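Trainee: Residues per chain, in single letters:
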Amino acid sequence: MNIISLLVRKPLAIGAGLLAGALALSGCSVTGAGPSGGATGKGTGTVHALFMKQAGYSEDDVAKMVGEFEKKNPDIDVEPTFVSYEALHDKIVTAAPAGTYDVFLTDVIWPAEFASKGIAADLTGRIPGSWKTDVLGGALDTAKYEDKYYGVPLFPSTKLFYYNKDLVASVGASEKDLQTWDGVLKVAEKIKAKGKVEFPLSWSWSQAEALVCDYAQLLGAFGGRFTADDGKLAVNSPEGVAALQWMMDSIHGGLSNPSSTTFLEDDVTKSLAQGQTAFALNWESTLRDLDDPSISKVVGKIGVMQTPAGPSGDRPGVNGSMALSIGSHSKNQDAAWKFIEFMSSQENQEKYAASSMPSWKSSYDKPEVTKTNPEVFKAAGAQFDNLISRPAMKDYNRASQALQVELQNALLGKKSAQQAMDDAVAAANKE
Amino acid sequence: MSTVTNTPVPDVAAPPVGKRRRRLENHGKLAFWLLLPAAVAVFGVIVYPILRTLLISFFQVDSVLAVDTPFVGLGNYASALASPGFWASMGRTLYFTLTSTALELVLGLGLAALLNAPMKFRWLFRAVVVVPWAVPTIVNAAMWKGIFNAEYGAFNAVLLQLGLIDHYQAWLGDPFTSLNMVIVADVWKTTPLVAFFLLAGLTSIPKELYEAARLDRAGWPRMFRSIVLPLLVPSISIVVVLRTVEAFKVFDIIYGMTRGGPANGTQTIAYYTYVTAFSDQNYGVGSALSYLIVMVILILSTIYLRVLRRSGMSLV
Amino acid sequence: MRNGRRNSVLIHLAAIVVGLAIIAPFALMVIASISPQSNLISRPLQWIPSTLYLDRYQEIFTGGANSVGSAFRSAFANTVIVASGTVAISMVVAILGAYAFARLRFRFRGTVLMIFLATYMLPQIALLIPLYLALSALQLLDTKLGLIIVDCSLVIPFTLWILSNYFVTIPEELEEAALIDGCGRMGALFRVVLPSAKPGIFAALMFSFLLAWDEFMYALIFTSSDASKTLTVAISEFAGRYTTDFGLVAAGGILAALPPVIIAVIFQRYIVSGMAAGAVKG
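Chains as they are written, first to last, in this note's numbering: chain D, 148 to 578; chain Z, 1238 to 1553; chain W, 514 to 795.
Derived from the structure by calculation, the hints contain no laboratory data. All figures in this text were calculated on a predicted structure; none of them were measured in a lab. One should not assume that every hint holds.
[To be verified] Some chain Z residues judged to face chain D by a derived CB distance under 7 Å, without partners named:
| id | residue |
| --- | --- |
| 1 | V1298 |
| 2 | S1300 |
| 3 | T1306 |
| 4 | P1307 |
| 5 | V1309 |
| 6 | L1311 |
| 7 | A1407 |
| 8 | G1456 |
| 9 | M1460 |
| 10 | S1463 |
| 11 | G1498 |
| 12 | D1517 |
[Said to hold, decoys possible] In the DSS-like style, the derived pairs of lysine-lysine whose C-alpha atoms are separated by at most 27 Å in a straight line are:
| id | chain 1 | residue 1 | chain 2 | residue 2 |
| --- | --- | --- | --- | --- |
| 13 | W | K711 | D | K200 |
| 14 | W | K657 | D | K478 |
| 15 | Z | K1444 | W | K657 |
| 16 | W | K657 | Z | K1357 |
| 17 | D | K508 | D | K211 |
| 18 | D | K518 | D | K498 |
| 19 | D | K485 | D | K498 |
Cβ coordinates follow ideal geometry from the N, Cα and C atoms, glycine included.
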């Protein structure tokens, strides 16, 4: 069996050769990436921009925005690229040393990482002081790390509470019964008892960031916070455990769909659109799909409101905003900034208010803007004043993965809520 | 290692012994020019990255752009080996490897026998069998993800309509169950290839051997044990080694089907390495992990060979 | 003889059952791709489509700019180019190299072959970041050429292995006659060895095409725009984004699987003859 014997015969010799070569290679930077690389450029030329495929503003919308920008700036050419959200982070990271993308979309959970690792450029000097008052409360902080800004908010986002009006009415309830999670569960029990749907609630609880977003909102409702004062994960607090226990109980009580642990946001939207789910948390941009007759069986029957309150009386939404950042190795940062300015401008964002929320305060008082999407504007407007943020940690991804795994362990009945959260904290805070 | 080296194993493609005497001249120069293009195409691409990655594995590198990268010696290897995540994903990878390879061998052997049997429309049967192997892994992953879907999947529908379950189940919702479901997807795709490898071995068994055994009134089990199996050992060991190497590198089917979830239940070692390097941006440990994978593959290949040898089966 | 006939019936029955079991998941995907969405989400599941629903295929084939269809079509074209380029380069290079391994005597022959084969053990992840930087420095990121270059490094060791094993089985006497006729080594390779190595060459062609078509990780990291993104990446994004319509994922998946399936079905008889000759016997 020659292939095998060949494969195992001389690995040592090769290893030695490799080592010798490696020593010869050890030059300046260990990764081989050039040390500096960024440049402001002339403010003209091509700007490569990385976006994501998503539910809100679509690729078509971005193409339109780009077209308009190029019309106004004929000497700048924008090349947009789209990847799925799941691939976005890794794409930004792998592309960073080459400076492939001048502009990229940053999720609210990444600025600490991108800033501390030098992937995103510091934009503090470029941001006009007036934005600090004109931009929605907290939205500018989306891309803030250690008092510097690494991005400009584009379409802030949060999870709202969606409900099926018909199902709620069928048990004689209404929106005012849904103001607290307790109230929601009571209505859900009635709906289940009447046999209207098997599981009234669905969630995006698969092993992904979506699970942390749902948890964040419940954690807020129970009066908890992700981190203690020292900035370390502290979800094993009584509130953190209670929120998880509530999630587990809703599955065991037969009110939440146990398959939720395999769902992403799209699956929740689908279940709601099929009338199989009465209640769900989902991003503000998904109402459009639920009112699209080609996808939805429940057009016009879905209500949307601010997330219900928990025992603490608090009802914060998860901060799920995205921002546009400039790559630190971009060779064309001035032109990139022009593009960001245009994209985040009030005028541009208001045009797409039917699918995504603008990040400027005054937009919410303009009837001609809010009338394009009245229900969402009402609910989201209230919720944007009260957001719960996931922690700004340099190694947020690692902490989040630890949290996802342990949340799932509890939801799948492998661990108690306390045990799971203790383990998550231990794993996330390990140096 | 030495026992392996000492086995009288002819090299792949060794020129027949008898010819050697006739042509004593050395073809070094011609061989060099003939092999140069292949060497450039393969090593031109991989040598620099291999060395660079090895180098990175001795430093603490937590950003692709890192400037401050302290030398940590074998520290990254130590911390990889000390992490529970490493051992858990290694355990899952071993389970994945053993289960999928065993299933593929057993099913593949049956399938190879069937492929070898005289039948009408044999070309049609072979054409059907080859299909799963040709389906791209990512498509295969998406397909099984759809079939095992908790709400609308065909698997649930079949079981429910046959009365085997009362309620739809989330087949990709439990860590261990979903690891097994990934194995099902892998077995569906790979068994045909294994079967064709074994078939290649089967067709090389001389018919006279069967005849002789039949004259000896040997039953099927004995014929299988004393003729078929020993002669299939070369094919089987190729399959085992190839499948082990592939299982340790398995990435795309996990990425497409479960992304390592639920509760990390399908996170194999290669996926764990990917997450460590790119999501956590811990390149030092990630590089160390990839070298650990190579070492485990080497060790396993060696063990296989020894076991096969010790069980008295000739390797040729 | 009755025994023989009973066996034959059993064999045919077994073949039918096994064949159906093997093809069932793929058939399900075909059915899903032509079923209206309402069928796919009904409970109990409606197995036979209520109407023939071809909108998804229509969208893929004719969808305009920025649609699912245009992204899919460009990914398809990219994959055809990348796979063909990879196969062409790998075959030429491997035929030359395999001839050296099979026919020539030179020092370190075994070691060189072993080093080629050992590259198969390297996890691709181990090469990603340095390769990314190298490709970027050469302006080859997000290009089909860059992808062809890195894919070749995966495919060549495999083709080299299959071909050298096959070349060894070709009787050397044939070639000697040609050498005596003054053909030279290269002449002998092209006029004698290649024509009689058809099964091995077809097997190598098929393996390399399938490997190149299936490649995922390099494409995932090294490509991003429609200019170079391949099908495997497009399908994974498809499946991530359109979880709401399994039918669409199925339609894309079937189209993506079609070229390798057709090639495998056409060339399947060479898997056995091409491999049996050399590789398996060793």
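Trainee: Taking the hints in turn, state whether each one holds.
Mentor: Structure-based check of all given hints:
1. Restraint check, V1298(Z) versus chain D: the minimum CB separation of about 6 Å is within 7 Å; hint holds.
2. For S1300(Z), the interface hint holds, the least distance from its beta-carbon to any beta-carbon of chain D being 3 Å, beneath 7 Å.
3. With a least beta-carbon distance of about 5 Å to chain D, the hint placing T1306(Z) at the interface is held under the 7 Å criterion.
4. About 10 Å separates the beta-carbon of P1307(Z) from the nearest beta-carbon of chain D, more than 7 Å, and the hint is not met.
5. Here the hint on V1309(Z) is broken, as its CB sits about 11 Å from the closest CB of chain D, past 7 Å.
6. Proximity of L1311(Z) to chain D is violated relative to the hint, the smallest CB-CB distance being about 13 Å (cut-off 7 Å).
7. For the restraint placing A1407(Z) at the interface with chain D, the shortest Cβ-Cβ distance is roughly 4 Å, inside the 7 Å limit, so the hint holds.
8. A least Cβ separation of about 29 Å between G1456(Z) and chain D goes past the 7 Å threshold, and the interface hint is therefore violated.
9. Annotation: M1460(Z) was flagged as interfacial toward chain D, and the flag is violated, the nearest CB pair being 23 Å apart, outside 7 Å.
10. Among the interface hints, the one on S1463(Z) is violated; its C-beta lies about 20 Å from the nearest C-beta in chain D, farther than the 7 Å criterion.
11. A least Cβ separation of about 3 Å between G1498(Z) and chain D falls short of the 7 Å threshold, and the interface hint therefore holds.
12. Hint on D1517(Z) holds. Least Cβ distance to chain D is approximately 5 Å, under the 7 Å limit.
13. Between K711(W) and K200(D), the direct Cα distance comes to roughly 46 Å. Violation of the 27 Å bound is thereby established for this hinted pair.
14. Only pairs whose Cα atoms come within 27 Å are accepted, and K657(W) paired with K478(D) is accepted, the gap being roughly 23 Å.
15. Between the alpha carbons of K1444(Z) and K657(W) the distance comes to roughly 49 Å, so the proposed pair goes past 27 Å and is violated.
16. Straight-line distance between C-alpha atoms of K657(W) and K1357(Z) comes to about 44 Å, which puts the hinted pair past the 27 Å bound.
17. A distance of roughly 24 Å separates the Cα atoms of K508(D) and K211(D); the hinted pair therefore holds under the 27 Å criterion.
18. A distance of roughly 12 Å separates the Cα atoms of K518(D) and K498(D); the hinted pair therefore holds under the 27 Å criterion.
19. Proximity of K485(D) to K498(D) is assessed by CA-CA distance (about 19 Å); at most 27 Å being required, the pair is judged to hold.
Hint check: violations occur at hints 4, 5, 6, 8, 9, 10, 13, 15 and 16; the rest are consistent with the structure.
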